[in-house]
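Trainee: Can you build the whole structure from these sequences, using the hints too?
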Amino acid sequence: MVINLAMYHLRTIEALHRLRSFTLAAEDMQISQPAVSRALAEAERRIGGRLFDRSTRSVVPTRLGEEVSAHASMAVATYDEALERISRHMNGDDGVVRVACLPSVTATLLPSVISDFRRDLPQVGLKIHDEPQENVAEKILNGTVDLGILALDSSIPAELEVEGVASDRLVAIMPAGHRLAYRDELDWSDFAREKFIGFDAVTSIGPLVTHAFAKHDVDVDIVQTARSIPAVGGLVSAGLGVSVVPEMVVPLVKFEGIESVPIAPAIERTLVVVHRKRGPLPAVVDRFRQSLLS
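The opening residue of the sequence shown carries number 1 in the UniProt record's numbering; numbering runs sequentially from there.
It is possible that some hints are incorrect.
[Stated by the list, open to error] Pair ranges (Cβ atoms, derived):
id, residue 1, residue 2, range
1, S291, R57, 55 to 63 angstroms
2, A264, D221, 17 to 25 angstroms
3, R85, I128, 19 to 27 angstroms
4, Q123, Y182, 45 to 53 angstroms
5, N142, H89, 21 to 29 angstroms
6, V60, I3, 18 to 26 angstroms
Calculated directly from the structure, the hints in this document are not laboratory data. We put the CB at the ideal spot given by N, CA and C, even for glycine.
Mentor: Quick look at the structure:
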């Protein structure tokens, strides 16, 4: 025999067992006392046995009532927990946010945002993917991640929504004691007489620096390229040449004994957060997006 009890039947049984009073159970469930009586009577009819012995002064569970009440309590608790989890998910208080971003952003911009976000929402999971520029948009489009942080350029697909996060001025870096390190500001033409350490074309920095030199009609002697900021910093520190990096990442190479000097006219790297245009973002993802933009 299959017994079919609705959630209001189970809530009634649980409340009566816990409170031992029709009046208190009605108040607890915010329904009328006759409604409690009807729900219990219907539950007993469907089960085929008496669950509570009741009088004007007491409500006492039968042996069957004790057994059924134990299951009812577990069912109600599980159901309420599920509703709470769904509510938290819909409100953006729970879930997982997947973010792909440039390594330079992971090491500089992101830590403080994550710290504040975790303080407010410690139960939300964050999965961070360090990726070169070309991979960030791809991971958004194929659904691997929810949000991406990358440098603004023409390669960003039209299917992605783009919002500005920060601007980051390009600066020169060179070994301590280098002749350019004593200048308050450099001109782009100053690099024409220097050996230059460049970034690979797949990075966000490489094409931007190449464009800057082309814009100012400067030919540079690129003696070595690398993909990561620490690698470029190490090569510069070893005296192999000078380079240009976003100002945001200078602290990442300062330990190499490197100096930085501003360049004029200033050229900035614009960092943006991107996500798919199709459909609204999950609430928890949107909350992290807002944290990035604030």
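Trainee: With reference to the structure, classify each hint as holding or not holding.
Mentor: Structure-based check of each hint:
Distance hint check: the CB atoms of S291 and R57 are about 57 angstroms apart, consistent with the given range 55 to 63 angstroms. For A264 and D221, the Cβ-Cβ distance of about 21 angstroms falls inside the hinted range of 17 to 25 angstroms, so the restraint holds. Evaluation of the 19 to 27 angstroms hint for R85 and I128 yields a pass: the beta carbon distance comes to about 24 angstroms. Separation of Q123 from Y182 is about 52 angstroms and conforms to the stated range, judged on CB atoms against 45 to 53 angstroms.
Our hint of 21 to 29 angstroms for N142 and H89 holds, since their Cβ atoms are close to 23 angstroms apart. The hinted window of 18 to 26 angstroms between V60 and I3 holds, with their beta carbons roughly 22 angstroms apart.
Consistency note: the structure conflicts with none of the earlier hints.
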